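Protein chains in written order, with the numbering used here: chain A, 1 to 112; chain B, 1 to 116.
Derived by calculation from the structure, the hints in this document are not laboratory data.
Some clues are possibly wrong.
Partial chain B-side listing against chain A, Cβ under 10 Å, derived [to be verified]:
#: 1; residue: Phe34
#: 2; residue: Gln38
#: 3; residue: Lys41
#: 4; residue: Ser43
#: 5; residue: Leu44
#: 6; residue: Gly61
#: 7; residue: Ser109
#: 8; residue: Gly110
#: 9; residue: Arg112
Note that this is a predicted model, so its numbers are computed, not measured.
Ideal Cβ positions, reconstructed from N, Cα and C, are used throughout, including at glycine.
The residues making up each chain are set out below.
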Amino acid sequence: EDQVTQSPEALRLQEGESSSLNCSYTVSGLRGLFWYRQDPGKGPEFLFTLYSAGEEKEKERLKATLTKKESFLHITAPKPEDSATYLCAVRSRGGSQGNLIFGKGTKLSVKP
Amino acid sequence: GAVVSQHPSRVICKSGTSVKIECRSLDFQATTMFWYRQFPKKSLMLMATSNEGSKATYEQGVEKDKFLINHASLTLSTLTVTSAHPEDSSFYICSASGTGANYGYTFGSGTRLTVV
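Excised from the complex, chain B in its bound form:
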């Protein structure tokens, strides 16, 4: 079946630094990738949608300059949290869809970001 690998699973960084999270589709070509953020006891909130080779589409209220998304190939998308602050601490999850995978249902294992 379709597999999405997300790294790192946990990261702790200092305020003001940047952190990059990778999302890879291992056995299919991901034409579209989604990035979500999840708070405790809350729904997964879509942050942005990226299509391979084009700019990401951000949801309302998500800062484009803070959350940089790159989808340079059909198997890799990255989310970079720039100038991180403690309020950026959260669980970030990617999902991918494309050839060989049902739409939008293959998720990565998530990344727990803690900004100190």
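The shape of chain A in the complex, shown without the other chains:
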């Protein structure tokens, strides 16, 4: 069964304190790993898609990496506006019409 596990559940950082969020997955044929940012009461906002092990993508203070078993979202020198819940999702060959399977998310709080 396809599964996505995110850790930690919550993360508190001081402004400027770099860290990483983890997304571990087991899927029957990965067809993409997605990272989203979700603010309270809003829909997920797309950040990155990774398709193969070794792939990396960057956007401002965020960098996403992928291995065969997990993905990391690295946050460098975070600012308070980076506070949000970060969601990881996978699309697998075995998925129902290709839908995404989500983890529960990591709630990031960045204090000034």
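Starting from the known structure of chain A, arrange chain B on it as the hints suggest.
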């Protein structure tokens, strides 16, 4: 970029009434739309997948007669919660994919439904 508009953002209704939520793709043709439900501190749970012009495919455990989905055009899908009950209170989110949008990554802003 691809934009998906979802309305209303919040709705309060009485038990037993029906509520309709709209999901529109504004700048691309959405051949497939997904409807999710999200509980606090839980993953987004897929409810159903709809393809334009055909019947929706519901996930196991989702009542077809309670959650009616219509995808009548390439830019509009609707979710109607029929005979709503307090346990239907939740955050509902749609997502769309199609020509001009990467697969499944454009989400609407969500609808907070409260049934009283």
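Here is what the structure says about each hint:
1. Checking phenylalanine 34(B) against chain A by beta carbon gives a least distance of about 6 Å; that is within 10 Å, so the hint holds.
2. Here the hint on glutamine 38(B) is kept, as its CB sits about 9 Å from the closest CB of chain A, short of 10 Å.
3. For lysine 41(B), the interface hint holds, the least distance from its beta-carbon to any beta-carbon of chain A being 7 Å, beneath 10 Å.
4. Using the Cβ-Cβ criterion of 10 Å, the hint placing serine 43(B) at the interface with chain A is satisfied: the shortest such distance is roughly 4 Å.
5. Proximity of leucine 44(B) to chain A holds as hinted, the smallest CB-CB distance being about 5 Å (cut-off 10 Å).
6. Because the smallest distance between the Cβ of glycine 61(B) and any Cβ of chain A comes to about 13 Å, over 10 Å, the interface hint for this residue is violated.
7. A cut of 10 Å between beta carbons decides the hint on serine 109(B): the least distance to chain A is about 5 Å, and the hint holds.
8. Hint on glycine 110(B) holds. Least Cβ distance to chain A is approximately 4 Å, under the 10 Å limit.
9. Interface restraint check: arginine 112(B) against chain A, minimum CB-CB distance 7 Å, threshold 10 Å, status holds.
Comparing the model with each earlier hint shows a violation of hint 6 alone; every other hint is respected.
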